[in-house]
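Visitor: Please build the complete structure, drawing on both the sequences and the hints.
Residues 476 to 898 in the working numbering are what the first sequence spells out, letter by letter.
A few of these clues could be false.
To be verified - Pairwise CB distance ranges (calculated):
1. W896 - E670: 43 to 53 angstroms
2. E631 - S789: 25 to 35 angstroms
3. V602 - K560: 52 to 62 angstroms
4. E826 - T699: 23 to 33 angstroms
5. A545 - K502: 55 to 65 angstroms
What the hints assert, rightly or not - Below, a list of computed lysine to any residue pairs in the SDA-like style, where the Cα atoms sit at most 25 angstroms apart:
6. K594 - S501
7. K842 - G646
8. K770 - E669
9. K560 - V517
10. K486 - T807
11. K730 - H697
12. K502 - A592
13. K543 - T554
14. K551 - A526
15. K558 - I587
16. K560 - K594
17. K851 - K558
18. K770 - R798
Hints listed in this document are in silico derivations from the structure and should not be mistaken for laboratory results.
As the structure is a prediction and not an experimental result, all values here were calculated from the model.
Glycine included, each C-beta is placed from N, C-alpha and C at the ideal position.
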Amino acid sequence: MLEITRIRAEKDAIIEGLKKRAVDYSKEIEAIIAADEQWRVVKTELESIQAESNQISKEIGLLFKQGKVAEANKAKERTTVLKEKEQVLRESVAEWEHKITDFLYQVPNVPISIVPAGKSEADNEVVEEVGFKVTFTGEALPHWELADKYNLIDFEMGVKVTGAGFPFYTGKGAKLQRALINYFLNEAEKAGYEEFMPPLLVNEDSGIGTGQLPDKEGQMYHATVDNLYLIPTAEVPLTNMYRDVILPNEDFSIKITGYTPCFRREAGSYGKDVRGLNRLHQFDKVEIVRVEHPKNSIAALDEMVQHVKNLLESLGLHYRILRLCGGDMGFTSAITYDFEVYSAAQERWLEVSSVSLFETFQANRLKLRFKTESRKTQLCHTLNGSALALPRIVAALLENHQTPEGIKIPACLVPYTGFEWIK
RNA sequence: GGAGAAAUGGCAGAGCGGUUGAAUGCACCGGUCUUGAAAACCGGCAUACCGAGAGGUAUCGGGGGUUCGAAUCCCUCUUUCUCCGCCA
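Guide: Put into C-alpha cells, the structure is as follows:
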C-alpha cells in the first residue's frame, strides 16, 4: 500500500499519476486525507488523556508507598472519569485507523513516469520485438496436439486424478520440465541470484505482506483447516522472508531465486485461453526477486529485463517486450514489463514472464526497511520477475521447434535433457 | 496426537503488581589515552506514531481481560524445548 506520509505530501501528484490506470481515485485519496486528519485529532486527544492518567497512577503509587491511603483513594476517583473518556476515544481511534487502512488497501500503486496511460492491453507499448516468425512448410500443430503425438503430457489423466488444469507430464515431457527448471535456476545463479527452495504453503500474514490478501483471496487455494494458502507464485514466500526486516545499512542488494510449483484457482477463465498449457491451475516457475535501495531499483529492473531476454534468446524463441499501460498493470506494480513469445501454431502471443518494480508499495506492507547513514529507517524497493514460467515456454518450444522429423531441443537445453530430439 | 517447561532489547540474561522502556554482561558506534593496536576509562546504542520543538503515547511472542497502575496476575492463540506416540 501507499505510504500515508506520501499521500499527505503529494496528494495531487498521486491522483494525477493514478489516472494512468484509467480509473479516478481522487475520491479515495480525499477520503484517506480526511480520515487521517480525523485520526490525528482523536489520537492526540487520547494520548493526552493517557498521559494524564499515567501521571495520576504514578502519584497513587507514591501515596501508597508513603502510607497516605486516604489521599490515594481520592486520586483513584479522578481516574474513573478519565477511564471512561479514554475508552470512547480508544474506540474512535481504532475506527479511524480501520477506515484509513480500508481505503489504503483500495488504492493501487502509482505508475512511474514512463508508464503509458491506458485502459487495457490494447494500450500497452511494444518496446522491442526480437526474432522472426517461424514459417512451416507443412501444417503447424498446436502444442496440445504435439504433446499428444509425442506422449509428452496427459491432460485426461490429470482430469481423472485431480481436475482440469492439473496435467501429468510424461516421458520426455517430464524430463523437459526438469531440464527447464534446472536450466533457469542455473542461469539465475550465474546472474548472481541465491537459490532458495521455499515452502509451498504460506500463512495469512504472508498473503497480506505481498498483497494477495485481503482483496484477492479467491485466486488462491486455501487449506482452511490450518488456514494456510497454496502459493500462487514463489514471490510470496521469497519476498515474505523479508517481512518485518530492517537491513542494518544502505549497502545492500538482495538477489534471490527459487523454483516452485504455483497454484492458481483462475476463477472465471474460459475458452481458448485455457486450452492445453495456456492456463493451468498448477504450473512450474522459476522466480527472481530483488530487494534494492531506492536509488538502484531502476537499474535492477533493467538487469532483470536483460536476464529474461537472454533466456528467451538462448531458447531461440521469437518474443516481444511490452511496457504495460496503467490499466493493465497489477495492483501493486509501479511499472511492469511483460514478455510474450509467439506461438506459431496458435498464431497468438503468450505471456511467459512479467517483470515488475513495486517501489515501496510492497515494502510498506511488509515493513521492509533499511537504516540510512543518519540512522533513520527508510522503506526498500522490491522487484520480481518470472525467469521463467514453464508451461507457455513449453508450448512455444514445441510449436516453434517442430519439424517433420520431430521437435528439436535448443542447444542450451540439451545438456539438461540428455536428448536433442523429441521424436 | 498426549504430558510438561518456556517465550524480555543484536545476543546472553535479571526483573514476577508502583517513577522499569526495562539491571548486568557481550557485541556494536563515538571519544580519551597510544607511534598504531589491544587494554583501561568516558559516552552512546529498540521500534512506531503524534508534535516545529519541548515532549507525549504505544510496544517485554500475538490478542483479550483484571487493576488507579501489568514485563509481572488471569484467559486465549502461536511458537520453541523435553518426554511419549505416529511417520517419509
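Visitor: Determine for every hint whether it applies to the structure shown.
Guide: Here is what the structure says about each hint:
1. W896 - E670: 43 to 53 angstroms: violated, 30 angstroms
2. E631 - S789: 25 to 35 angstroms: holds, 33 angstroms
3. V602 - K560: 52 to 62 angstroms: Between V602 and K560, where Cβ atoms are some 59 angstroms apart, the hint holds.
4. E826 - T699: 23 to 33 angstroms: holds, 31 angstroms
5. A545 - K502: 55 to 65 angstroms: At roughly 58 angstroms between Cβ atoms, K502 and A545 fall inside 55 to 65 angstroms, so the hint holds.
6. K594 - S501: holds, 17 angstroms
7. K842 - G646: violated, 45 angstroms
8. K770 - E669: holds, 22 angstroms
9. K560 - V517: holds, 11 angstroms
10. K486 - T807: It holds: about 18 angstroms lies between the C-alpha atoms, which stays within 25 angstroms.
11. K730 - H697: violated, 29 angstroms
12. K502 - A592: Roughly 19 angstroms separates the two Cα atoms, so the pair holds.
13. K543 - T554: holds, 17 angstroms
14. K551 - A526: Satisfied, since the Cα-Cα distance of roughly 15 angstroms is no more than 25 angstroms.
15. K558 - I587: The hint is violated at about 48 angstroms.
16. K560 - K594: It is violated: about 49 angstroms lies between the C-alpha atoms, which goes past 25 angstroms.
17. K851 - K558: Roughly 35 angstroms between the alpha carbons, so the hint for K851 and K558 is violated.
18. K770 - R798: Holds. K770 to R798 sits at ~21 angstroms (cutoff 25 angstroms).
Violated hints for the displayed structure, listed by number in ascending order: 1, 7, 11, 15, 16, 17.
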